[in-house]
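Use the sequences and the hints to build the structure in full.
Chains as they are written, first to last, in the working numbering: chain Y, 1 to 654; chain H, 1001 to 1304; chain X, 2001 to 2319.
These are computed hints drawn from the structure, not numbers from a lab.
Note that the Cβ used here is the ideal one computed from N, Cα and C, for glycine as well.
Possibly wrong hints are sitting among the right ones.
[Unchecked claim] Sample of chain X residues with no beta-carbon within 10 Å of chain H, all distances over it, derived: (1) L2018; (2) D2046; (3) A2049; (4) A2061; (5) G2096; (6) Q2176; (7) P2233; (8) L2270; (9) L2307; (10) P2309.
[Claimed, not checked] Taking CB as the label site, the calculated pair distances span: (11) X/A2209 <-> Y/R134: 29 to 35 Å; (12) H/L1134 <-> Y/H147: 47 to 53 Å; (13) X/A2209 <-> H/L1131: 35 to 41 Å; (14) H/T1065 <-> X/A2066: 46 to 52 Å; (15) Y/H147 <-> X/R2124: 25 to 31 Å; (16) H/V1265 <-> X/G2089: 38 to 44 Å.
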Amino acid sequence: MTSLPAPIVSVDELSVAYRSGGREVPVVHEVSLAVSPGRTLALVGESGSGKSTVAATLLGHLRHGSRITGGRVAVDGRDVFALSARELRRLRGGTVAMVAQNAGHALTPSMRIGRQIAEAGGEVPVTELLEQVRLPRPRELARRYPHELSGGQQQRVAIAMAIAARPKVLVLDEPTTGLDVITQRGVLDLIGALREELGLAAVLVSHDLGVVAHMADEVCVMHAGRVVEAAPTRRLFTAPAAPYTRRLLSSVPRVTDAGLALVGEDGTREIRPRAEVPADAAEAVSVRHVTIDYGTASRAVDGVSFSVRRGEVLALVGESGSGKSTIAWALAGLRVPSGGRMRAVAGGLRGGAAGGSAGGSAGAVAGGSSDGSSGGASGGPSADLSGAASDRSAGLSPGGSAGAWSGASSGGRSGAPSGASPGGDGDLGVPARRRPLALRRTVQLVFQNADTSLNPRRSVGDAVRRPLRFFGTAGSRGEAASRARQLIADVRLDPDFADRLPAQLSGGQRQRIGIARALAGEPEVLIADEITTGLDVSVQAEVLRLLDDLRRERELACLFISHDLAVVRGIADRVVVLRHGVVVEEGPTDVVFADPGHPYTRELMAAALEPEPGVGAERAAVAVEGWEDAAGPGGVWVELGGGHRVRRWRSADG
Amino acid sequence: MSFLKASAGVAPAAVPPPAPVRPGFAARTWRTVRSSRPAAIGLAIVAVHVVVALLAPLLTPYHPTTGDASHALLGPSADHWAGTDQYGRDVLTRVLYGGRYALGVSVTATVLTIALGAVLGCAAALRGGWLDDLLMRVLDAVLSLPAILVLLVIVTALGTGSSVIVLAIAVVCVPQVVRVVRGAALAVVPQDYVTAARARGESTWAILRREVLPNITDVVCVEFAMRASWVVLLISSLSFLGFGADPPTPDWGLMVSENRTAITVVPMASLAPIIALATMVVGLNLAADGLSKAWGVDRIREGA
Amino acid sequence: MLTFLVRRVVAALGTLLLSSVLVFLAVQALPGDVATQVLGRDATPDAVAALRKQMGLDQPAWERYAEWIKGALHGDFGTSLVTTKPVGGEVAQHLGNSALIAVVTVLFAVTGSLVLGILAGLYRDRWPDHLISTVSLIGMSVPEFVVATVLVLAFSVTVPVLPAVVLYGPGAGVGQLLPAVWLPAASLAIVMAAYIVRMARTSVIDVMASEYVTTARLKGLSTWRVVTRHALPSALLPTLHVIALNVAWLVGGVAVVENVFNYPGIGKLLLTSVQNRDLPVIQAIALISAVVYVVCNLAADIGSMALNPRLRTRGGRIR
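Following this line, the structure appears as structure tokens:
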């Protein structure tokens, strides 16, 4: 760093403390860093590492209740915290500008875009700024309000606002977190270009090592308020020195991993080969031509079909609005499809093959037999209906479909040779409350947000005990308590956690409890809806490993819903790519990743950023190709063999 | 500021406290009261009022409704600390006894109001649909009539007995409680733990009891304190207008109205009940404020 | 935008209709036959029957309701049972007098409380906030009649500058009433302002902590600009509805305060009508109160539309 010109930003031994309950809690501890003009420094760390606090001090901003306990921050040669109010205002915007994490919240809702940009100062006309951030029709856009823009557009507006007064330093606080991969890539490319054009120095705060590898010249790794390691980007990623950095880097899933990465204490990385799903594994859940509407106007899911076999992980991949979570909710009985058919198939193999705890298998048998009688009882009358029902189902009338399919499914089941008592065979096209108890038990959902999925007023043990008692998988109160402790241990947590409230657990621990609660029903199908989103990478790696272990142990059919291709690559056996509620490609994970057939899949993959400097850059060349849907009534799919198929498309030039 | 929230959680969050603390509601309230000065002061004031009202016969040698006409309209003295009124009754005695009526009627009315409001509010939030729509329309219609007017009409119709006033207060106050509770419950209903219970197929009642109610007790408690202060004010206004407590009854509102004409002669006869009334309501409001602040209950957002 | 407005207006009319039914039912449900009450307990049954017929009390309830509403729409609220004059004129006269108080109250209470509330919010946890919050807490803890009594003690007894009671009847002119307006208005304004101050303070604090206000600050804008342009439009939104509710509350508050000062307004009229069981007058006043409530809320809705572009522009969602 010595050969570089004098730094424009220099932070020396900065310490920040936060006052809480009459006690000073140090947040940042003796952090030093420097950024030269034209260079980009990345502050990397997991949540709570103090990286955002450091970034905000460059603008002389501290969170309410925080104060500087030592050190100094200088920007353009001036001590930021020694400036008068007037000078500080001139520094903000004029010398240093900030792009906040969530542009949707950072733009004033009651002001037009143009006004907000204009008041940031500077001589550059607003329309020119909007053009500079590659927004179409700037004149019209300037008259819009923030809520009329998409997330990516809002972030571009925030960037335009930041560069309005032509600052020398740009502070980017998680500028693309929460954006879809393709949008993220666009925003990052824009930031990169502007940096060149305007000769900006940049400080990038991010938890995403892919973004950092793509953008930064130098990296500062922070942990618990301290700088753990600082190095030029390439060196840091190829030869990390600190053990923490090594662990962090190893925890990041990569699109090139052929299986789940197991990270050792010392940061070593070992790829565990995927569990073999036997070729004759039974189908556990099947979804055929399912359509789900929101209200009358919008169709969230349009004719989606897939199936998941026992012991298999099927990933549903797509951006926000692709309908992937809607499918999960429909399977869990929280939303009724307007057309198509969803079934859980009886697990005849289950009784003998279940490898769970001793108590677990006993519970499974008990649940199974009790269901056998109820299944038989309901099978009788519905068989009479099945004739009439199939007539209607041919017309695919949305209203009658729920009843029609239940008739059809039980008809289908009675035709099956298996005489073994099913764990829960039946129609998933009806809301949870109308499903038989055994069927509700069979399909269990793990929620995306571990913070809101547990009742804050009830102990963690209570959360796990309730389904045990409710589904009757545990007979007595005492048994439920001991089974709950066992389940908590099964998700690799201390059973004594049972007495804690959710607020006393970390995010990763809460997510494990969410999984334990789902397992309490002895399910055959586990739906994991973005369960690692919002978790730090190291915690994410642990949760993924747990999920992988559990499906091996319990032969769970797992529907894994994610927007993150790298995560999917590690855990899923097969992938279904969704776009706007339509499946565009599906196939075995390795095949789809090696040779994506649909241009949308290719675009997704190109946009994904790897934690390796320079890797993403070349891939960008293959990115955008114009295409349009060519699926007609004649043929929707192009079969590529081995279960790999692609929705028909044709290239659209211009 | 909130874009710094990411760093606000600070690392130690990963390490849960060693001793498993499972605070019950009472324990939590106690800790809140100890840590929040306004709540502590407010509850202390209310407690003093309760104790004084209960012990009134022991605290004063005089009788609240019988006076000595020869000692009418006296200023404060050693015998009569707050003087006497036009009938020669000891003002302080009447103020001390006055708390009984105010507290008794208010507490009963508030309990009834909150219970009714909580049930209706939860039902509306959880069931939604036409029930919710209809309920909210009717309640809005009730709200559109001034509380005093409704009270006056009911009291004229059914008389001024305490039970009538309790009932009338319930009619007037329930709509607002329903709004608040419904707002709070609506914030809980979309949470994932409620969704999880729905996916299990739990009954509405079980969801309400296990998932929703424990998460809105804060709101309901704060609402109780807040509503109680309202009710005390309403009842005293009613008495002041001559439609509440019947004349010999020692009641603060009534006392102000009786002694107002003699305000130039014996100001204490009016001021004493005013002070009693104001401190009680300030106490209730302080408690509501303190608790809502300590528990993070946003009274405005809940629709209060 | 139009759909939002139309929906609100329809909802408001629905509320109004429902309230009128409630008013009618409640008043009709009053025990004791109206005719008996008018004629006194010792009236002969024949006389009572004759009066019942004359008043239309032998008609079914819904017909009487329809009749009443039809009249009310034309400003005809029937005749007073006590004075036998048309209710409409009498109510209008009192309403005008009360409006004098209301205008003064709203003017002072709203402007004053907004300024104080915003100040308290901006100086959160510092002395101006503590002062304003404490005073407003006391303000909302004392009933109107107490404030009125204390004001009388201060400004009519101790320093006699304003009249403690009004000696004029309902027909008094503005000039005669004006000196008597200030004390009632002040009593109402103090109580009303307390609520608005608290609301304004909380919402200012909320908005000042929002990300967009932080962003605006970090853009290097002056505090004045940040507050007026970025924070206030959003902070005023929830306050608007509280103001509307409080203006509607005035109708009730006025009843108590006018009674203290013997002011010949709608509140005084309400009280005498209740005492005399003058049902047509009570009904008319209740209906007018409901109209005031609904109109205030509608005004708040329109106001929030002006402040919130989400409600104005396409795709704006309605809660």
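Determine which of the earlier numbered hints do not hold for this structure and return their numbers in increasing order. 1, 8 and 12
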